[in-house]
Amino acid sequence: MSPAVNVCVSGLVGVFAGIGLLYLMMKLLARLGEKAPRGAFSAD
Amino acid sequence: MAFVEQLGILSVTPGMVAMWAIALTLLYLAIAKEHEPLLLLPIGFGILLANLPLTGLMTPEEGLLWRFYRYGVEWEVIPPLVFLGLGAHTDFGPLLSQPRLVFLGAAAQGGVYLTFFAAQAFGFSLEEAATIGIIGGADGPTTIFLAAQLAPHLLGACAVAAYSYMALAPIIQPPIMRLLTTEQERAIRMKKGRKVTAREKLLFPIAATLVIILLVPASAPLIGMFMLGNLFRESKVVERLAETAQDALMNIVTIFLGVSVGATMSADNFLRSDVIFIFVLGLVAFAVSTACGLVLAKLMNLVTSDKINPLVGAAGVSAVPMAARVVHKIGAEANKKNYLLMFAMGPNLAGVIGTVIAAGIFLSMLGG
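Protein chains in written order, with this note's numbering: chain A, 1 to 44; chain B, 1 to 368.
There's no promise every hint is true.
[To be verified] Using 27 Å as the maximum straight-line C-alpha spacing, the simulated BS3-like pairs for lysine-lysine come out as follows:
| no. | chain 1 | residue 1 | chain 2 | residue 2 |
| --- | --- | --- | --- | --- |
| 1 | B | K236 | A | K27 |
| 2 | B | K307 | A | K27 |
| 3 | B | K329 | B | K307 |
| 4 | A | K27 | B | K192 |
If you're looking for bench data, these hints aren't it; they were derived computationally from the structure.
Excised from the complex, chain A in its bound form (with noise of 0.2 Å):
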């Protein structure tokens, strides 16, 4: 595999690998917002 296939390829798995573990992690964030007792870090 030449160099800029190599980067190309690894670049965009890393992008689209870092952007599913943020969604996955903001899926978890809204689990835990909507277990959030009303007044939760006295914001809502």
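We have chain A; now place chain B onto it with these hints.
Only chain B this time, still in chain A's reference frame:
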């Protein structure tokens, strides 16, 4: 006659005059047309200063502008501080309310990699190609951050290209949007996202810092400062810091950033045939990134019943908030009841994060 020898006017070269014309054009665009004036005005004036003869402003170790550049940009201080201010400005609510839209910010990095590949095929080195490709993210500070480390000689051209295309989003993006979507698709009204709690907003910057930096450590300077600024905002306990980061500090670093970038654009550095290529390839990168976001949104509609207006995919390029505004305008043209601005802000913010991750990966693979 020593005084006569020191007259600047006798040392003016045609290249300098050409750079004055470019500087005046940028000043005109900033002042008369109000295209990205906060950046183009100091950049334009920096170019003017850097191309006046015998000033010594860019003399290594001595010149004022050289010091700005060296300690601000080359030492990676200013771009992360800009991100600190951006973080303090940013409300991640629109993204958190519709997490699926985050993928549109990833898709829009397609233009970055396609252009990287094209640029190296045209004979640019891998480091130069990465710097040119990142223009597709339409994120000025990230472009400058990457260029300063991989290809400092291209920094001025790439920064001006990135900021220019951000400013020109209302001209570049609509034809691509209309080409790749039908009137019916543009008229899709999206369902309102759920309400995001303050707890989610508070935890997001901490969790995102951990997730992204553990995956791409080289993105730490930008992501770290971005999320710190956002934590200032969302914690609601350091309002003074949040206000300083988003106003005073942001304004100060913007001045140094603009002047420093302009100062790198000496005639020797800028008046080269490959600069034309950089602007063309940068435009291609921006256009392809827009198209990739649109196409992924259309693909997502094939597998979901809760339809996405494909236009919001075009906001996956960073260009905050210009790209989101363009999406809103085109959506409203197709359906007057369409209010896409907040939906488009989600991919827009995801695009910022995606571009930083892409830059971090370039740095980890190509950086010294």
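Each hint tested on the structure:
{"no.": "1", "hint": "B/K236 <-> A/K27", "result": "holds, 23 Å"}
{"no.": "2", "hint": "B/K307 <-> A/K27", "result": "holds, 19 Å"}
{"no.": "3", "hint": "B/K329 <-> B/K307", "result": "holds, 19 Å"}
{"no.": "4", "hint": "A/K27 <-> B/K192", "result": "holds, 17 Å"}
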